[in-house]
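Chains as they are written, first to last, in our numbering: chain A, 6 to 93; chain B, 10 to 287.
A hint or two may mislead.
[Said to hold, decoys possible] Taking lysine to aspartate or glutamate pairs in the DMTMM-like style, the calculated list, with each CA pair at most 20 Å apart, reads:
| no. | chain 1 | residue 1 | chain 2 | residue 2 |
| --- | --- | --- | --- | --- |
| 1 | A | Lys51 | B | Glu218 |
| 2 | A | Lys71 | B | Asp172 |
| 3 | B | Lys271 | B | Glu194 |
[Stated by the list, open to error] Part of the chain A face toward chain B, derived, beta carbon under 10 Å:
| no. | residue |
| --- | --- |
| 4 | Ser7 |
| 5 | Asp17 |
| 6 | Ala28 |
| 7 | Ala29 |
| 8 | Arg33 |
| 9 | Ser66 |
| 10 | Pro74 |
Calculated directly from the structure, the hints in this document are not laboratory data. Ideal Cβ positions, reconstructed from N, Cα and C, are used throughout, including at glycine.
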Amino acid sequence: MSGLEVRKLLHDVRQPLAVIQVAAANLRIRFADRLDEGDFAYLAAKLDRIEEQARRVATLSDRIAKIIPAEPHGTPASGVSAPNGPIR
Amino acid sequence: MSVFGAISTSRLCWGCQKLSAQARDQRGDIEVGEPETTRWSLGDLTLCGQHGYMRPCQRVNCKDVAANSVPLARLCESDRETVFVVDDDDDLRVDLVELVEGLGFPAMGCASGADLLAALPAYKTGCVLLDIRLPGQDGLAVQEWINRAGIALPVVFISGVQDISTVVHCMKAGAFDFLQKPFGEMALRSAVSSAIGHSRKRHCRLESEKMVRQMISSLTPTETHVAGMISRGYPTKLIAAEMQRSENTVKIHRHRIFNKLKVSTAASVANLVRHLVD
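Isolated chain B, as found in the complex (with noise of 0.2 Å):
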């Protein structure tokens, strides 16, 4: 039992669906990397030999049929974490929602642009799904509405198109990737997979800037600027000079900014404030 909890075990490998003598063999918990670093639990993950040295940043996902499936990584997971899928083929729709969920990821259909346009700002984690050609306003302009809403959501188009220049055309407006109907389960379970991933990991960086500027903005003025003299590598004495206050003076600053950003070293402070610069 993985510590995300029950994930029930699948006798097809993770890496090529298929059933195999080895995958039989190989089953059960197979937890990645130390616990206090890694992001990704893998539950129980079968795999055939043939699979079985897959590197662990590829095993995302495991094979997971459970009714109850829970998403496997949970750090940087916000609570309203979806797939969406546009498509106005409704055969489609369906089937796709019903994949992305077997995929252990929770997953809402969207029959045109509008649906998807009305339901995504509440949504901070996720992917989307997005056709080309829809009712009403097509991919493309979806996606530019995506980009300039500013919606963290990488896009993944799913489309029958063939010919190059509107992949390339896609990609350049910043699609995460590009899947050509008709696809396998496979390239749909990387792509959004790694779409995932991608968009946490990106949460992520958005929450942690945020805590830092939340922490910088605690400063007072007088500690805010001495905390950029200390960032710019200037020591005790000199900031007191340059102040015109006692070294201890600046002293108690100094421990009073490296509490409120919760920091041990001169370092880590330039590395906050630089940070904030960017």
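For reference, chain A alone in the conformation it holds in the complex (with noise of 0.2 Å):
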């Protein structure tokens, strides 16, 4: 497997992520005046925990497209029209 393709992997790794921060983001602001206080301490703590893991699986793929090999040289900013397009 290519540099290239793992960096394409990776990227995808972070569209869920993103969804599960905006999803956790939505449930905090639509309980935040609907749940008595208690309750709305133990869902946003849960609630952060989420997004703190999802946070946590970005650094990883962070770390890993650090370690695979890099692109061949001017690749990914002219590579805007590079055959296989830039990584997105």
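Since each chain sits alone in its own frame, please combine them into the complex, following the hints.
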């Protein structure tokens, strides 16, 4: 598997993480005024934990991205029109 | 109750989104600045002790969870201010639209660049949250289209991209901001708030330029000539000599110019004329 393919996979990993983060934020906003204080504190703590775990996976993917071989020189920025397309 | 309508009070600190003891004590109406100069009303804003010191300009958006939430700034907001969320991932798009609406801005989801481009021209203020990888035209192509079409909406890229060069490329191409997925609520909040603020400022400037142009175009050719001389600092006597008219005639022109431009000093005339030339 080439470095490029790994990067694409890592990019795809981040998509569901974004969904998790945004959904957690929505839950927090939705229930801020609808739960009593104790329940809300519980919910907020759990949501914090969920978000924290998503961030951990994101950090992991960053670390993996750092150890895979670098792109051939000049690919990404000019690579907007590169044959395989830039990594997005 | 703020002047902009009822905004429900949240128990979350605006700054950190956490429930805190101080937050409950510091709840209340907070109005920033002089009523005639401020553009931002904060409505009911909850802040914990840690975030209570934030400067007003950072607190553009109160933590507003009301279903009938109202955007806070009214002065330069156009009727159809919208945050466009462009992402082909249905799950993310739906939740992101909900979150943006939770922040108090009307939002519209678009699954592709083509959807966005079809809707965009009708809007004057707002911003675009743009994924880079999209079916059909990709985000960069969409941004280029927005730039070329002269649409004044700031573009905030949202992407899982990890290489710096793509980010640099986006920013060079005129992106307002770049959010790397996954991003937290705070990052989104600050990016959207500042993009919207930027968009409103730009809208204001365009509107005032339009107004100035209208006022100046209401001048007759002679008045335009006199206004030009006034703005270059010529006194009435010299203008009269140059035009071979009596001083009284020039005074009448001067009076009419001041009336039409709604100013009372020669310096203001100079300002407006320069504004037009620039």
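When the hints from earlier in the document are held up against this structure, which numbers fail? 1, 3, 4, 10
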